[in-house]
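Given next are the chains, with one letter for each unit.
Protein chains: 2
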Amino acid sequence: MSRRNQNPSELFDAACAGDRAALARVLSLLERGDTVAREVGRLAYQRSGSGYTVGITGAPGAGKSTLTSALIRHIRQQDIEIAVLAIDPSSPFTGGAILGDRVRMQDHATDPGVFIRSMATRGHLGGLSLSTPEAIRMLDAVGRQWILVETVGVGQVEVEIAGKADTTVVVLNPGWGDSVQANKAGLMEIADIFVINKADRKGVEETRRDVEQMLELSDLDHDAWRPPIIATVGNTGEGVSTLWDAIAEHRAVIESSGELLRRRQFRLREELREIVARRLEQRAREICTGERWDTLQQGVLDRTIDPWSAADEMLRGVEA
Amino acid sequence: MSRRNQNPSELFDAACAGDRAALARVLSLLERGDTVAREVGRLAYQRSGSGYTVGITGAPGAGKSTLTSALIRHIRQQDIEIAVLAIDPSSPFTGGAILGDRVRMQDHATDPGVFIRSMATRGHLGGLSLSTPEAIRMLDAVGRQWILVETVGVGQVEVEIAGKADTTVVVLNPGWGDSVQANKAGLMEIADIFVINKADRKGVEETRRDVEQMLELSDLDHDAWRPPIIATVGNTGEGVSTLWDAIAEHRAVIESSGELLRRRQFRLREELREIVARRLEQRAREICTGERWDTLQQGVLDRTIDPWSAADEMLRGVEA
Chain A
1 MSRRNQNPSE LFDAACAGDR AALARVLSLL ERGDTVAREV GRLAYQRSGS GYTVGITGAP
61 GAGKSTLTSA LIRHIRQQDI EIAVLAIDPS SPFTGGAILG DRVRMQDHAT DPGVFIRSMA
121 TRGHLGGLSL STPEAIRMLD AVGRQWILVE TVGVGQVEVE IAGKADTTVV VLNPGWGDSV
181 QANKAGLMEI ADIFVINKAD RKGVEETRRD VEQMLELSDL DHDAWRPPII ATVGNTGEGV
241 STLWDAIAEH RAVIESSGEL LRRRQFRLRE ELREIVARRL EQRAREICTG ERWDTLQQGV
301 LDRTIDPWSA ADEMLRGVEA
Chain B
1 MSRRNQNPSE LFDAACAGDR AALARVLSLL ERGDTVAREV GRLAYQRSGS GYTVGITGAP
61 GAGKSTLTSA LIRHIRQQDI EIAVLAIDPS SPFTGGAILG DRVRMQDHAT DPGVFIRSMA
121 TRGHLGGLSL STPEAIRMLD AVGRQWILVE TVGVGQVEVE IAGKADTTVV VLNPGWGDSV
181 QANKAGLMEI ADIFVINKAD RKGVEETRRD VEQMLELSDL DHDAWRPPII ATVGNTGEGV
241 STLWDAIAEH RAVIESSGEL LRRRQFRLRE ELREIVARRL EQRAREICTG ERWDTLQQGV
301 LDRTIDPWSA ADEMLRGVEA
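Order-wise, the sequence lines are chains A and B. 320 is the number that my numbering gives the last residue of the first sequence; the numbers go up by one with no jumps. 320 is the number that my numbering gives the last residue of the second sequence; the numbers go up by one with no jumps.
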């Protein structure tokens, strides 16, 4: 039977059995955001919950891909199966097409223990903030123990997506000031671990002091966990094992304190609320169109009906 | 019969007959945003459409109130009945309580041809962007030929509200640069007339050149109407009759070109769309609460139901 004719449930089972092409295909189905997407999403949801996500974000050019690639190499030495979601909100392309300068990721293209997927904004109702957790759950459901989520850029969306991981790594460079100035507060809020990458350049200690000072000044609660600041050189792999140890330590701390459970429950509640809002928005777009909408609009312009009554009239036909 | 016991329709009739206390009361009813508000809103809508609105906006301290007061004096000399809506989005108070530094407005407190009303953000579903057009329509419906809408500040909301008038006056001062820098583009877009108030100070010609240069550079279409730049001194009334003439001229131009009708129809369509969106938001808030919501949330946390199915489940009960 050709893969294209497999039903979603069969495809999902194949993906769970380790079929990478089937996994790629169910992820594409998910991105369509239609009823088939809902079906595979449901299947993934039931089986997910044991994987652990690490968000990696930072300004363009900070060397995130090189660092991620070095991290993958380190993790693979311990024979752990991982998945990488590379997310670029500014790109209209999806499904691997945007890897572009992520060329170093291809070091792992032939390693069956590494699954890499690119995502962009295309298609999904509610955008990346709703499609990302779904893709993560799918990768989790098919058995990837660790899922790295790399976002490009430090805008609001990127920071939000990276901040939805279990552990969030913010990548800076020596002399970081300029590149992240615009969203410093957002980055400070989500960071569980700071990395100063390209640490073979000048200015590492100044940047470390800057970050430490900001941690002092911030009113965030760092009693249970104070974000460490780790110097790395992505190209040589220097500092990467320290980073991996810090990630594992953070995981152990939030698992034992109950913080991990709280984070995940909070994220799920937020996601549910966002889905309800998106569904209603979708409905509003469906409502404010067509012949009935034109007629009511004309009635408002002619003053035979007032705007509030017209809105109520439009909404009368709305059901879930 | 005490006024408090009058039904909305009787109150509206009294307001139309010139009863100022009744007018104040129907405006308060409107601000409640409930079913009674809808009833008086409906009555006002049917009767409105002949009044003309002038928006007046500018940075705090530009002397808008003094200028507005001088403009009122000038208009009243022609025995035209007017109403003034003073809008302050940053204030939680409403119904006259915020007049504060609008003390000069009280020059007109004993003139039955002038009706002044303050509005703030309190209460109304959808905020000032929905309550302002309703209040304007009420003042229009009870027979005020001109309605001045004065907004405090040059933020996004203030500019939006002022820009919903038929003619919009942007008030600057000599050396205006700093105070309006933040929203220069927004102000340029809505201005039908520029006023350089406090023109007895230095820098009037420089400011005039600045504005003219910006008009040159902007890609807005000024073929049909190029915003004039008028120097005024609110304290002495200097330039105010020129301003009034410019307002009348702008009105004549957009009335005869059909632009006024287009503006009003566009505004009504936008308002209708916004009401539909607000109604749905309100519904989302109502939905995401209560026992059913708690149960479904728990189901999501327990993985007995996925988030999308839970959202659909919540929405199933929703009707308009």
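Don't read these hints as lab results, they were simulated from the structure. Keep in mind it's a predicted model, so treat the numbers as computed, not measured. Any given hint could be a false lead.
[As the list claims (entries may be wrong)] Derived coverage of chain A by chain B (criterion: at least 3 residues anywhere in the stretch with Cβ under 8 Å from a Cβ of chain B; other residues may be distant):
| # | region |
| --- | --- |
| 1 | 196 to 207 |
| 2 | 231 to 243 |
[What the hints assert, rightly or not] Listed next, with one range per pair, are the computed distances between beta-carbon atoms:
| # | chain 1 | residue 1 | chain 2 | residue 2 | range |
| --- | --- | --- | --- | --- | --- |
| 3 | B | LYS184 | A | VAL36 | 43 to 53 Å |
| 4 | B | GLU189 | A | ARG201 | 20 to 30 Å |
| 5 | B | LYS184 | A | THR289 | 33 to 43 Å |
| 6 | A | LEU301 | B | SER256 | 30 to 40 Å |
| 7 | A | THR289 | B | ARG201 | 18 to 28 Å |
| 8 | A | THR289 | B | GLN282 | 32 to 42 Å |
| 9 | B | LYS184 | A | GLU291 | 58 to 68 Å |
| 10 | B | ARG267 | A | ASP200 | 52 to 62 Å |
| 11 | B | ARG262 | A | GLU291 | 21 to 31 Å |
| 12 | B | ASN7 | A | THR295 | 38 to 48 Å |
The C-beta atom is built at its ideal place from N, Cα and C for all residues, glycine as well.
Among the hints numbered above, which are violated by the structure, and what are their numbers in rising order?
Violated: hints 1, 2, 4, 6, 7, 8, 9, 12.
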